[in-house]
Structures are given as C-alpha cells and as structure tokens.
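Just so you know, the sequences run in chain order F and D. If you count by this note's numbering, then the first sequence holds residues 1 to 277, one letter each, in order. If you count by this note's numbering, then the second sequence holds residues 1 to 277, one letter each, in order.
Everything labelled a hint here was simulated from the structure, so no lab data went into it. Treat the numbers as computed from the prediction; the structure is a model and nothing was measured. No residue lacks a Cβ here, since even glycine has one placed at the ideal position from N, Cα and C. Fair warning: there could be bad hints in the mix.
[Said to hold, decoys possible] Taking lysine-lysine and the DSS-like style, the derived pairs with C-alpha atoms no more than 30 Å apart in a straight line are: (1) D:LYS193 x D:LYS260; (2) D:LYS156 x F:LYS193; (3) F:LYS14 x D:LYS61; (4) D:LYS154 x F:LYS154; (5) D:LYS154 x F:LYS61; (6) F:LYS70 x F:LYS124; (7) F:LYS154 x F:LYS237; (8) D:LYS167 x D:LYS154; (9) F:LYS202 x F:LYS260; (10) D:LYS40 x F:LYS14; (11) D:LYS124 x D:LYS154; (12) F:LYS167 x D:LYS193; (13) F:LYS193 x F:LYS215; (14) D:LYS193 x F:LYS193; (15) D:LYS14 x D:LYS124; (16) D:LYS14 x F:LYS61; (17) D:LYS260 x F:LYS156; (18) D:LYS154 x D:LYS271; (19) D:LYS154 x F:LYS167; (20) F:LYS154 x D:LYS156; (21) F:LYS215 x F:LYS167; (22) D:LYS156 x D:LYS193; (23) F:LYS167 x D:LYS14; (24) D:LYS61 x F:LYS154; (25) D:LYS193 x F:LYS156; (26) D:LYS228 x D:LYS61; (27) D:LYS154 x F:LYS193; (28) D:LYS237 x D:LYS193; (29) D:LYS156 x F:LYS61; (30) F:LYS193 x D:LYS167; (31) F:LYS124 x F:LYS167; (32) D:LYS40 x D:LYS124; (33) D:LYS202 x D:LYS215; (34) F:LYS228 x F:LYS154; (35) F:LYS154 x F:LYS193; (36) D:LYS260 x D:LYS228.
[Unchecked claim] Now the in silico label distances, taken between C-beta atoms and shown as ranges: (37) F:ALA12 x D:ASN6: 16 to 22 Å; (38) F:ASN194 x D:SER169: 20 to 26 Å; (39) D:GLU49 x F:SER197: 40 to 46 Å; (40) F:ALA97 x D:LYS61: 44 to 50 Å.
Here's the letter readout for the chains.
Protein chains: 2
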Amino acid sequence: MWTFINDNWVDAEKASIHVSDLAIQRGYAVFDFFRTVEQKPLFIDDHLERLQHSAAVLRLKLPYTVNELKQIVLELVNRNQLSTSGIRITVTGGNAADTYTPTTPNVIITQSPLTMDAAFDAQKGITLITEEYVRELPTAKSINYLMGVYLQQKVKDAGAADVLYVKDSYVSELPRSNIFIVNQQNELITPDKNVLSGITRKHILQLAATFLSVKEQPVTLRDVLTAKEVFVSSTTKRLLPVLNVNGQPIANGNPGAVTKELYTQFLLLEKQITAVT
Amino acid sequence: MWTFINDNWVDAEKASIHVSDLAIQRGYAVFDFFRTVEQKPLFIDDHLERLQHSAAVLRLKLPYTVNELKQIVLELVNRNQLSTSGIRITVTGGNAADTYTPTTPNVIITQSPLTMDAAFDAQKGITLITEEYVRELPTAKSINYLMGVYLQQKVKDAGAADVLYVKDSYVSELPRSNIFIVNQQNELITPDKNVLSGITRKHILQLAATFLSVKEQPVTLRDVLTAKEVFVSSTTKRLLPVLNVNGQPIANGNPGAVTKELYTQFLLLEKQITAVT
C-alpha cells in the first residue's frame with residue numbers, strides 16, 4: 001500500500017512524520033476523509049473544498065492547490081488498486097522548532113480498505129448518550145478529538161453506540177457525525193451552528209428538499225427527544241437511525257419512513273456518481 | 001542529539017512516529033516538559049507524577065514505570081551533554097488501526113537546548129488579552145493546544161504577549177502558564193479549578209506560604225484587574241509580571257514586590273536543588 005507524504009510516495013507501513021510536527025506537539029492539524037466506490041473518490045470536490053476551509057480557519061497554508069491534491073488522490077487510487085476504501089488527507093501545523101508556531105504543513109494522504117454494507121437494515125438503529133460539550137473551532141475539521149476519544153469509555157459503559165454533543169440545551173453534532181430530526185410537522189431539521197458541514201449532510205439536505213420541508217436551524221435536545229425520526233449521517237455511516245437517546249426511545253423506537261427513503265435516495269446518488277467515468 | 005522512542009535511541013533529526021498514531025489522527029496524547037539546569041532535571045519527580053496523572057485521565061497505559069522513565073531521562077541527559085535544556089516526554093494514544101481507539105502508547109523523549117535568563121528584569125512585564133475559553137480535561141497536560149496555537153494571531157494583533165482564558169467571568173490559566181494575583185489584603189491567590197497543576201505553581205505556593213497568606217480559590221477577571229500584583233508562572237518563564245490586561249494597567253503598571261521576592265526565592269530554590277548531586 002502506498003502513502004503520499006510531501007511529494008514522496010512511501011510504503012504505508014513506513015509512513016511517518018517527524019516528532020517536531022505540531023500535530024504531535026500541539027494537536028494542531030486539519031484533515032478530511034472520503035470514500036472510494038469502485039475506485040472512484042466520492043464527493044471529492046466537496047471534501048477538498050472543506051479541507052481548504054479547515055486549513056484556512058487554522059491559518060495553515062495548503063502547499064498544494066485543490067487540483068493538485070485531486071491528481072495526487074487519483075494517482076494514489078491508481079497505485080493502490082483498492083475498490084472500496086477510505087482516503088484521508090491530513091494537513092499538519094508542520095515541523096515547528098519552537099514547538100508552537102505553525103510552519104509549512106506536512107501533507108499526508110493515506111488510503112485504507114473499508115467495508116461498506118449497502119443494505120439498509122431496518123432493525124439497525126443506534127442508541128446515543130449526550131454530553132455537555134461543543135467542539136472547538138467547529139466549522140474546521142481539526143484533529144482535535146480529545147473529547148470524542150475520551151468519551152468512548154462513557155459511551156461503552158452506557159451500552160450506547162455514540163455520543164451527541166449538547167450545549168446549553170442545544171444539540172450540535174456527534175464526534176464524527178451530523179444529526180437530523182424529522183419533527184411532528186414532517187420537516188427535516190439539522191443544527192445550523194457549531195457543526196462541521198458534513199458532506200453526507202449536504203447531499204441529504206439536497207435530496208430531502210425535493211420531497212419535504214428542510215431547515216437548518218437551532219435544534220434543542222427536547223426537539224430530538226420529541227421527534228418523529230432522528231438519524232445521523234457521516235461518510236462511513238451514510239444514514240443511521242437513532243432509536244434511543246439517554247434511555248428514552250425516539251417515537252416508537254423504530255427507524256422512520258423519511259430516514260429509509262433518504263437512505264435509499266442517497267445510495268442511488270452514490271451509485272449514479274460513481275458510475276460516471 | 002539523541003531522542004528516545006519506544007526503547008530505541010535515535011538521531012533527533014530522524015525521530016518520527018507512524019502516521020497512524022492517535023496524536024496525528026485525533027490529537028490524542030499527553031506530555032510533560034521540564035528543564036535541566038547544569039545537566040540536572042529540575043523537579044523531575046513532580047513532572048513524572050503529573051505525567052502519570054495526565055496519562056491516567058486519558059486512560060493511556062504508560063509502558064514504563066516512573067522510575068524507568070527517570071532512568072531513561074538521566075541516560076538522555078548523559079548522552080546529549082546539554083547543560084541548560086528542555087526535556088519533553090510525550091505519551092501518545094498509539095498506532096490505531098481503527099484511527100480512533102487508544103492502543104499501546106508511543107513514548108517519545110526529546111531534549112533541546114534552552115536559553116534561560118536568570119536576571120529578573122524589573123522592567124520586564126507582559127500584556128495579556130483574554131478569551132472566553134476553558135481547556136478540555138484541564139487537569140491533564142494533553143497535546144490539545146488548538147485554541148492556544150490558533151489564538152496566537154489574535155494575541156499578536158493586539159500587541160499582547162499571551163492570552164488569559166476566562167469562562168463565565170472566572171479566569172483559569174494561560175495556554176502554557178498559571179496565573180497568580182496579590183490582592184489588596186496582600187494575599188496570594190491562584191485559581192483552584194480548570195487549571196493544570198503547574199510544577200512552578202506548586203513550588204511558588206510553597207515558597208509564598210512562608211511569608212504571606214496563600215489561597216487556591218476561584219478568581220474572577222475583576223479580581224485580576226483590581227489586584228495589587230499579577231504574575232504568571234511556567235517552567236520556561238519561572239515568574240513573569242503581568243502589567244496590563246485587555247488594555248487596563250494592573251495597579252501602577254510596574255512589577256510588584258511580592259512577585260520580585262518570589263522570583264528571587266524561586267531562583268534560589270532552583271539553584272539549591274540542582275546543586276545537590
């Protein structure tokens with residue numbers, strides 16, 4: 001397997017960066033992650049645009065243009081010959097002699113095999129707990145997952161699948177997913193503030209707008225608990241129904257019709273896009 | 001220069017870790033940093049105890065005992081033959097195949113030259129700005145300095161030297177320093193909550209207790225602005241007077257007598273400790 005680091009193609013097993021890098025020194029870096037479907041990077045333009053945004057928020061100067069990054073990704077895909085995979089582009093704060101001030105970023109592009117199940121299992125829903133927290137610099141996809149990783153034990157102890165961040169009664173997102181609700185008026189709503197602009201989120205909003213009312217606006221925990229349907233979205237999950245939050249079942253505790261319909265449409269979109277040469 | 005990584009002694013210029021390490025993937029790692037004075041690690045027992053605490057908070061299993069780490073540090077000092085230096089021990093979340101769950105930590109111990117000025121320049125005081133923020137898992141010295149590094153530009157734009165974190169009107173700490181005030185009743189006060197237990201802070205509190213009233217308790221921004229003296233402490237700064245916060249001068253805008261006395265006493269302690277063989 002090949003990994004790309006700063007203009008070099010290296011054996012993935014030997015892909016390393018110097019310990020003076022600000023990612024290791026100060027957790028200062030951004031990244032993006034997307035899938036390939038039959039060797040085609042899914043929504044790559046969206047992901048590269050978001051990576052640019054993340055880098056800009058952290059004031060990191062991307063050493064490559066978006067088009068150059070795209071070419072490198074295509075070469076990576078061609079070299080590794082993985083059909084279904086995850087590709088991660090990490091842009092770090094660079095090797096910092098003073099261990100604190102960003103320099104020229106190190107750029108790391110890795111590819112790993114990924115298993116995706118296309119079937120939407122109606123029984124498959126998840127349970128969430130909540131935590132009072134909002135991510136730092138939430139519109140940037142920084143590598144700061146201190147709380148997400150830390151909270152894994154609490155999630156496990158609660159027998160839940162993941163954690164929903166709530167701050168002053170408003171929900172924002174999960175460590176690696178966005179959240180949506182369908183309210184009693186059949187409107188699809190997702191939080192507008194303190195969230196990462198998920199790429200799956202973006203396409204769900206576009207798909208949903210063709211058949212129901214869609215809103216990006218503040219969502220309270222109470223809105224979640226009283227919703228007809230709740231689901232989360234992410235690159236690796238697509239859509240996943242939420243059936244229970246903090247021990248309280250959502251509606252009747254089964255995946256809802258809108259969630260199922262959106263999953264079907266999203267899968268179709270994914271197939272259409274990756275069928276194009 | 002030598003660096004220690006996972007039982008190996010490597011050339012500092014080639015000291016690297018694999019990109020699957022959770023420090024790079026998720027900013028998940030802890031560290032500690034201390035000085036050597038004439039080749040003697042200063043307050044090493046305090047720092048190793050704090051490193052143990054930080055690792056425990058993040059649920060990282062230290063692969064070495066405190067005594068083993070101490071021996072490695074002494075060998076590092078002996079190999080590198082630097083008189084005045086900074087030593088950093090980083091304990092990461094380890095190489096994670098799933099890019100999210102901590103595994104066996106990577107342990108990195110680096111040493112770098114450090115210039116310390118022993119003279120306390122009475123003119124040398126700093127200006128701070130404030131930012132509404134509290135560190136995540138504040139009692140652990142994690143590598144999460146996302147806000148600290150990010151705020152450097154704001155600090156620079158304001159012509160300040162550093163930033164003081166304030167949350168709901170209570171001050172906690174600076175990105176890399178603790179804060180102290182001397183109030184109008186000549187009491188030395190430092191925040192008790194949401195702070196890293198600084199090793200310099202600890203020794204200042206002990207020194208100060210011999211000649212004035214010392215309290216660890218909540219401190220408001222107003223307490224800071226109305227103090228007789230304000231100073232910050234850290235391993236590389238020892239004590240540094242704060243003369244101005246958000247454009248408002250502290251007292252008469254000059255370093256105070258308690259600050260100067262504590263600096264003198266701290267320097268003496270440092271010399272006494274490192275004079276012992």
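Hint-by-hint comparison with the structure:
no.: 1; hint: D:LYS193 x D:LYS260; in the structure: 26 Å, holds
no.: 2; hint: D:LYS156 x F:LYS193; in the structure: 28 Å, holds
no.: 3; hint: F:LYS14 x D:LYS61; in the structure: 24 Å, holds
no.: 4; hint: D:LYS154 x F:LYS154; in the structure: 35 Å, violated
no.: 5; hint: D:LYS154 x F:LYS61; in the structure: 18 Å, holds
no.: 6; hint: F:LYS70 x F:LYS124; in the structure: 35 Å, violated
no.: 7; hint: F:LYS154 x F:LYS237; in the structure: 21 Å, holds
no.: 8; hint: D:LYS167 x D:LYS154; in the structure: 18 Å, holds
no.: 9; hint: F:LYS202 x F:LYS260; in the structure: 17 Å, holds
no.: 10; hint: D:LYS40 x F:LYS14; in the structure: 36 Å, violated
no.: 11; hint: D:LYS124 x D:LYS154; in the structure: 21 Å, holds
no.: 12; hint: F:LYS167 x D:LYS193; in the structure: 20 Å, holds
no.: 13; hint: F:LYS193 x F:LYS215; in the structure: 12 Å, holds
no.: 14; hint: D:LYS193 x F:LYS193; in the structure: 29 Å, holds
no.: 15; hint: D:LYS14 x D:LYS124; in the structure: 38 Å, violated
no.: 16; hint: D:LYS14 x F:LYS61; in the structure: 24 Å, holds
no.: 17; hint: D:LYS260 x F:LYS156; in the structure: 51 Å, violated
no.: 18; hint: D:LYS154 x D:LYS271; in the structure: 37 Å, violated
no.: 19; hint: D:LYS154 x F:LYS167; in the structure: 25 Å, holds
no.: 20; hint: F:LYS154 x D:LYS156; in the structure: 39 Å, violated
no.: 21; hint: F:LYS215 x F:LYS167; in the structure: 20 Å, holds
no.: 22; hint: D:LYS156 x D:LYS193; in the structure: 28 Å, holds
no.: 23; hint: F:LYS167 x D:LYS14; in the structure: 43 Å, violated
no.: 24; hint: D:LYS61 x F:LYS154; in the structure: 18 Å, holds
no.: 25; hint: D:LYS193 x F:LYS156; in the structure: 28 Å, holds
no.: 26; hint: D:LYS228 x D:LYS61; in the structure: 44 Å, violated
no.: 27; hint: D:LYS154 x F:LYS193; in the structure: 23 Å, holds
no.: 28; hint: D:LYS237 x D:LYS193; in the structure: 22 Å, holds
no.: 29; hint: D:LYS156 x F:LYS61; in the structure: 18 Å, holds
no.: 30; hint: F:LYS193 x D:LYS167; in the structure: 20 Å, holds
no.: 31; hint: F:LYS124 x F:LYS167; in the structure: 28 Å, holds
no.: 32; hint: D:LYS40 x D:LYS124; in the structure: 27 Å, holds
no.: 33; hint: D:LYS202 x D:LYS215; in the structure: 12 Å, holds
no.: 34; hint: F:LYS228 x F:LYS154; in the structure: 27 Å, holds
no.: 35; hint: F:LYS154 x F:LYS193; in the structure: 25 Å, holds
no.: 36; hint: D:LYS260 x D:LYS228; in the structure: 13 Å, holds
no.: 37; hint: F:ALA12 x D:ASN6: 16 to 22 Å; in the structure: 19 Å, holds
no.: 38; hint: F:ASN194 x D:SER169: 20 to 26 Å; in the structure: 22 Å, holds
no.: 39; hint: D:GLU49 x F:SER197: 40 to 46 Å; in the structure: 43 Å, holds
no.: 40; hint: F:ALA97 x D:LYS61: 44 to 50 Å; in the structure: 31 Å, violated
In this structure, the hints that do not hold are numbers 4, 6, 10, 15, 17, 18, 20, 23, 26, 40, in rising order.
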